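Trainee: Sequence:
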Amino acid sequence: MSLKKRTGFEFAGEIPCLSRDTVGERRDLRTTTLVHSISAPIYDLLRKASGPVCRLGVFRRSLDLLIDEQVVALGLPELRNGPFHVVVQQLPARPFPKECSLHWKADILQLGPWQLYFPATLRVWNPRPRWESLDLQPATLAALREFVLQPDRALDRCHSPFYPLLMGQLIPEVSFLMTALRNGDLADIRAGSAQLAGWGPGLTPSGDDFLAGVMLSWWANTGRAEIPAAIYQGAAARTNRISRAFLCAARDGLADERWQLLLAALTAGQRREWEVAARHVLAFGATSGLDMFLGFLEAAEICSKA
Numbered sequence: 002m003s004l005k006k007r008t009g010f011e012f013a014g015e016i017p018c019l020s021r022d023t024v025g026e027r028r029d030l031r032t033t034t035l036v037h038s039i040s041a042p043i044y045d046l047l048r049k050a051s052g053p054v055c056r057l058g059v060f061r062r063s064l065d066l067l068i069d070e071q072v073v074a075l076g077l078p079e080l081r082n083g084p085f086h087v088v089v090q091q092l093p094a095r096p097f098p099k100e101c102s103l104h105w106k107a108d109i110l111q112l113g114p115w116q117l118y119f120p121a122t123l124r125v126w127n128p129r130p131r132w133e134s135l136d137l138q139p140a141t142l143a144a145l146r147e148f149v150l151q152p153d154r155a156l157d158r159c160h161s162p163f164y165p166l167l168m169g170q171l172i173p174e175v176s177f178l179m180t181a182l183r184n185g186d187l188a189d190i191r192a193g194s195a196q197l198a199g200w201g202p203g204l205t206p207s208g209d210d211f212l213a214g215v216m217l218s219w220w221a222n223t224g225r226a227e228i229p230a231a232i233y234q235g236a237a238a239r240t241n242r243i244s245r246a247f248l249c250a251a252r253d254g255l256a257d258e259r260w261q262l263l264l265a266a267l268t269a270g271q272r273r274e275w276e277v278a279a280r281h282v283l284a285f286g287a288t289s290g291l292d293m294f295l296g297f298l299e300a301a302e303i304c305s306k307a
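The sequence shown begins at 2 in the working numbering and counts up one residue at a time.
Hints in this document: simulated from the structure, not taken from any laboratory.
Source: prediction; values computed, not measured.
The C-beta atom is built at its ideal place from N, Cα and C for all residues, glycine as well.
Ranges between beta-carbon positions, derived for each pair:
| hint | residue 1 | residue 2 | range |
| --- | --- | --- | --- |
| 1 | L171 | G203 | 15 to 25 angstroms |
| 2 | H160 | Q71 | 24 to 34 angstroms |
| 3 | A144 | R225 | 20 to 30 angstroms |
| 4 | L150 | D45 | 38 to 48 angstroms |
| 5 | S134 | E100 | 36 to 46 angstroms |
| 6 | F148 | S102 | 43 to 53 angstroms |
Model the full structure from these sequences, guided by the hints.
Mentor: This is the structure:
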């Protein structure tokens, strides 16, 4: 039986290629790109958007925009699907301005000088896992913790501010938040989240990644929104706009494709599959995958004892 049939989650399909036949002879590949897949909420947003488009950041594999106060990330296929991702075949070579307008013409979204072609084969991707279908067994989570914390890989991760956790050491700010979670104290949860938000380097600071992992763990293990909402309330004002969008997605129970595949594999209970999925999560960013994983595991331990 396939993983999708067992768990309700699906793997990404094959990606079509942009060609002259696909987009027409008249379209310039310096300004035109093919959209492979798009987060469902972002697709709805783009269909209705009318306001200006602001450029937030340009990176090697992505372009981050602000559209109607929502962060939208145009990213290459290797970044995979995410809560606010538009996966495109390539980032057009023509520079993107600081501000521009957008409008639709048939199946093409004009973003300033860029054209995003939406083919009939477009995959509209659901960023919300079926939390109610998850069944994370304590033995599987214990095996996952052992796998993630393997000492032979720990030295490669020493530049994470959460490295002491790998060594079995305490971090006062983490201990404070975990105690608040254990007690269900919403005021202390907000205070503890504020201490960790914006902590560490990176576009999404390590502290934010850790908090996102805590929120996803809470969704996965309890299916309840109250604690993630309190974490977001404490953290939102203490980080940057892009990372805040990332935290907002976790608050709302949205997860990227790597995490959805991991959660599906954990529910299926097949070690080979979840080890592969866990490696993909750990490999994301400089330390983002690890930091998020540590938050997930710390919170999962509390949920298992509750």
